[in-house]
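J.: Given these sequences and hints, build the entire structure.
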Amino acid sequence: MREAPASGRASVAPLDEVDKRLINALQGGFPLVAEPYRQVADAVGMSEAELLRRLDSLLERRILTRFGPMFQIERAGGAFVLAALRVPEADFERVAAQVNAFPEVAHNYRREHDLNMWFVLATATPQGIAEIIAAIEAATGLPVFAFPKEREYFVEMKLHA
Amino acid sequence: MPEWKPVPGTEIDATDRRLIVATQAGLPRVSRPYDAIAEQLGIGGDEVMRRLQRMLDCGVIRRIGAVPNHYAIGYTANGMSVWDVDDSRVDELGLKVGALEFVTHCYRRPRRLPDWPYNLFAMVHSRNREQVAARVAEIAALLGDACRGHDILYSTAILKKTGLRIAG
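Each protein sequence line maps, in turn, to chains A and B.
Numbered by this note's numbering, the letters in the first sequence go through residues 1 to 161 in order.
Numbered by this note's numbering, the letters in the second sequence go through residues 1 to 168 in order.
Hints in this document: simulated from the structure, not taken from any laboratory.
Everything numeric in this text was worked out from a predicted model, so none of it was measured.
Each residue gets a CB set at the ideal place from its N, CA and C atoms; glycine is no exception.
Hints are supplied without guarantee of correctness; some may be wrong.
Sample of chain A residues facing chain B (criterion: CB under 7 Å; computed from the structure) [said to hold, decoys possible]: (1) L64; (2) D91; (3) V155.
T.: Structure follows, in structure tokens:
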């Protein structure tokens, strides 16, 4: 999961053209029909078995991190909050392990800044956010900077492979 | 924080919640995935599809599909650009920044003074840092004198990426 820091080059298994086509075809609009994989397989010109085999492999190789519904849980009363920590370099691995151990931490990235750890908290209720922040502060001994979104201007999580 | 109340029409019931818990790690990779979930929840496959469709229609689900690891598909430079924008203009300009084709997420967030003066966040994914920097320069030009300062926080490692996990 690590990329080389400065060069920005990750060492990744090569993707073939069929995988790329499949990733692009699967990024949105997965059909709500009894046999959705078959429908997508027909559209991209492969068998359902081949599609399932490739999808398993893409997930196994971590080229895809998940396959399924992406929830905007705020709409249903839950909460997502971006948060950051200023972690002393010597403690970075310990703190990363402590933060990642919370299931409410959905993503966590190391970034080049004085605030060097940035993560997203997702909870079923807004109250859950304050609780999880307090728990992270207690576990790590560091103050959490919380950046709840005040307004969303745009979100598009598709990237062309 | 008023935005965290459910939007009218988007309320979820106990079965929706069980459906979220059953699918948040991903859809089963079998021929009839909705039937497989239905069996687990003790409802019909048609009801699973109907409930997923309703949550899509009201925005509780943004989309159903694949979430790529952006590094693995060649977007190795990931820059979170952050901007200190005049409060009276940030909404108008945030919409314009969000409309740029290379910005994947764009939000207004609170400043944390004195540590953090930035109130506009725009994520830029590219194939290298030069390209990110060129795109950030485009954002700077668009913001003009409404922007008092900015920074780019490049990511150097994904420490975790599992997505939502609410408790069952």
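J.: Evaluate each hint against the coordinates.
T.: Outcome of the hint check:
| no. | hint | in the structure |
| --- | --- | --- |
| 1 | L64 | holds (5 Å) |
| 2 | D91 | violated (14 Å) |
| 3 | V155 | holds (5 Å) |
Checked against the numbered hints above, the structure violates only hint 2.
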